[in-house]
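Engineer: Numbering (the working numbering), first residue to last: 781 to 1039.
Check each hint, because a few of them may be wrong.
Derived SDA-like pairs (lysine to any residue); straight-line CA-CA distance at most 20 Å [unchecked claim]: (1) K822 <-> A835; (2) K904 <-> A976; (3) K822 <-> A849; (4) K904 <-> S797; (5) K904 <-> A975; (6) K822 <-> L946; (7) K904 <-> I949; (8) K904 <-> P864; (9) K822 <-> I874; (10) K904 <-> Q1020; (11) K822 <-> D1010; (12) K822 <-> S797; (13) K822 <-> P972; (14) K904 <-> V944; (15) K904 <-> E886; (16) K904 <-> P972; (17) K904 <-> G843; (18) K904 <-> V974; (19) K822 <-> Q842; (20) K904 <-> A850; (21) K904 <-> A849; (22) K904 <-> G958; (23) K904 <-> T1018; (24) K904 <-> G914; (25) K822 <-> A976; (26) K904 <-> T852; (27) K904 <-> A835; (28) K904 <-> D847; (29) K904 <-> R860; (30) K904 <-> G932; (31) K904 <-> E1003; (32) K904 <-> R983; (33) K904 <-> R948; (34) K822 <-> E848.
Hints in this document: simulated from the structure, not taken from any laboratory.
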Amino acid sequence: MAAAAGQRVAIVTGGASGIGLASVELLLARGWTVVGTDRDAKAIAAAEAQLAGHAGRFRLVQGDVTDEAAMTRLVAETERDFGPLKGLVTSAGIGRDVPLLETTAEMFRQIHEINVIGTFIIAKAAAAAMRASGGGAICTIASVSGLTGNIGRSAYGASKGAVVNLTRIMAVELARYGIRVNSVAPGPIETPMVAAIHTAAIREQWNDKVLLERYGTPAEIAEAVAFLVDGERSSYITGQILAVDGGFVACGLNDRSRV
781 MAAAAGQRVA IVTGGASGIG LASVELLLAR GWTVVGTDRD AKAIAAAEAQ
831 LAGHAGRFRL VQGDVTDEAA MTRLVAETER DFGPLKGLVT SAGIGRDVPL
881 LETTAEMFRQ IHEINVIGTF IIAKAAAAAM RASGGGAICT IASVSGLTGN
931 IGRSAYGASK GAVVNLTRIM AVELARYGIR VNSVAPGPIE TPMVAAIHTA
981 AIREQWNDKV LLERYGTPAE IAEAVAFLVD GERSSYITGQ ILAVDGGFVA
1031 CGLNDRSRV
């Protein structure tokens, strides 16, 4: 079923939970047609039930962002069924909180395979489609761990640092085709991934360094994502990394009892 004239079509990876699901929800609320992909079948079923009211403008499919053939097919089927792709959000990702000397090469490879290569694969497929249809917008999901030297995140932080620079390179190369590329770098966000790896001690560390003294929500990240893929609201923005982090990156020395 093709989208109606003027309808905007987006793909969101990691779209069944956390930041991805919040982005799907907000884009749907703002009139987009959205195809989400996720590898977690249970999360997909739960998200489909949650979003049942958007039938006809929403589809969630099981898929692995590291499978190039599957992601190329996802883009082609999205355009076949709904119309030209105009937005991409690369939210699929994994993380571990492990000290450098306890990080194995296999951990490092696995995190980079999904966070970096997975982002590259779907972004390349989406960019080719957008070039053919006159442009669009890509929003990658990086992290403040890709902007700073956060302890315990050698693999995750390095992967998100790679996403940051990949975003800038894509912005440079794709601007001539009318494709804008930006990134949102979240701080600590209440997602299933964070719930699984953030102990009470880790939470205390984050809250001490975040100026707003709390974790963010997926909905707060989705607001930034939706802004950056909107071709009217952010039409002159490309190549930017937007930290949505409660002031974490800005704070530096942080003894606020002195001010």
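Engineer: All hints are to be evaluated individually against the structure, with a verdict given for each.
Structural biologist: For each hint, the structure was consulted:
Restraint check for K822 and A835: the C-alpha separation of about 19 Å stays at or below 20 Å, so the hint holds. Between K904 and A976, the direct Cα distance comes to roughly 31 Å. Violation of the 20 Å bound is thereby established for this hinted pair. Annotation: proposed proximity of K822 to A849 is violated, straight-line Cα distance about 23 Å (limit 20 Å). At roughly 23 Å between alpha-carbon atoms, K904 and S797 are farther apart than 20 Å, so this suggested pair is violated.
The straight-line distance between the Cα atoms of K904 and A975 is roughly 31 Å, outside the 20 Å bound, and the hint therefore fails. About 31 Å separates the Cα atoms of K822 and L946, which puts this hinted pair outside 20 Å; it is violated. For the hint pairing K904 with I949, the CA-to-CA distance comes to about 12 Å; that is within 20 Å, so the pair holds. Distance check on the hinted pair: K904 and P864 sit about 15 Å apart at the alpha-carbon level, within 20 Å; holds.
Distance restraint check for K822 and I874: the Cα-Cα separation of roughly 17 Å lies within the 20 Å cut-off, and the hinted pair is therefore satisfied. Between K904 and Q1020, the direct Cα distance comes to roughly 18 Å. Compliance with the 20 Å bound is thereby established for this hinted pair. With a C-alpha separation of about 30 Å, the suggested pairing of K822 with D1010 is violated against the 20 Å cut-off. A C-alpha spacing of about 10 Å is found between K822 and S797, which places the hinted pair at or below 20 Å, so the restraint holds.
A C-alpha spacing of about 13 Å is found between K822 and P972, which places the hinted pair at or below 20 Å, so the restraint holds. Using a Cα cut-off of 20 Å, the hinted pair K904 and V944 holds, with the two alpha carbons roughly 15 Å apart. Restraint check for K904 and E886: the C-alpha separation of about 25 Å exceeds 20 Å, so the hint is violated. In summary, the hint linking K904 to P972 is not supported, as the alpha carbons are separated by about 27 Å, beyond the 20 Å threshold.
Proximity of K904 to G843 is assessed by CA-CA distance (about 16 Å); at most 20 Å being required, the pair is judged to hold. This hinted pair does not check out: K904 and V974 have alpha carbons roughly 28 Å apart, beyond 20 Å. With a CA separation close to 10 Å, the supplied pair K822 and Q842 stays within the 20 Å bound. With a C-alpha separation of about 13 Å, the suggested pair K904 and A850 falls inside the 20 Å cut-off, and the hint holds.
Taking the CA atoms of K904 and A849, the gap is near 12 Å; set against the 20 Å cutoff, the hint holds. Of the pairs offered as hints, the one joining K904 and G958 holds, with about 15 Å between alpha carbons and a cut-off of 20 Å not exceeded. At most 20 Å may separate the alpha-carbon atoms for a hinted pair to count; K904 and T1018 meet this at roughly 17 Å. Taking the CA atoms of K904 and G914, the gap is near 15 Å; set against the 20 Å cutoff, the hint holds.
Taking the CA atoms of K822 and A976, the gap is about 17 Å. The hint holds against a cut of 20 Å. Of the supplied pair hints, the one linking K904 and T852 holds, its CA atoms being roughly 9 Å apart against a limit of 20 Å. Restraint check for K904 and A835: not satisfied, since their Cα atoms lie roughly 28 Å apart, outside the 20 Å limit. Between the alpha carbons of K904 and D847 the distance comes to roughly 13 Å, so the proposed pair stays at or under 20 Å and holds.
For the suggested pair K904 and R860, the alpha carbons sit about 18 Å apart, so the restraint of at most 20 Å is met. Distance hint between K904 and G932 is unfulfilled; the C-alpha atoms sit about 30 Å from each other, more than 20 Å. At roughly 24 Å between alpha-carbon atoms, K904 and E1003 are farther apart than 20 Å, so this suggested pair is violated. Under the criterion of a C-alpha separation no larger than 20 Å, the hint pairing K904 with R983 is inconsistent with the structure, at around 36 Å.
Between K904 and R948, the direct Cα distance comes to roughly 14 Å. Compliance with the 20 Å bound is thereby established for this hinted pair. For the suggested pair K822 and E848, the alpha carbons sit about 23 Å apart, so the restraint of at most 20 Å is broken.
Violated hints, in rising order: 2, 3, 4, 5, 6, 11, 15, 16, 18, 27, 30, 31, 32 and 34; the structure is consistent with all others.
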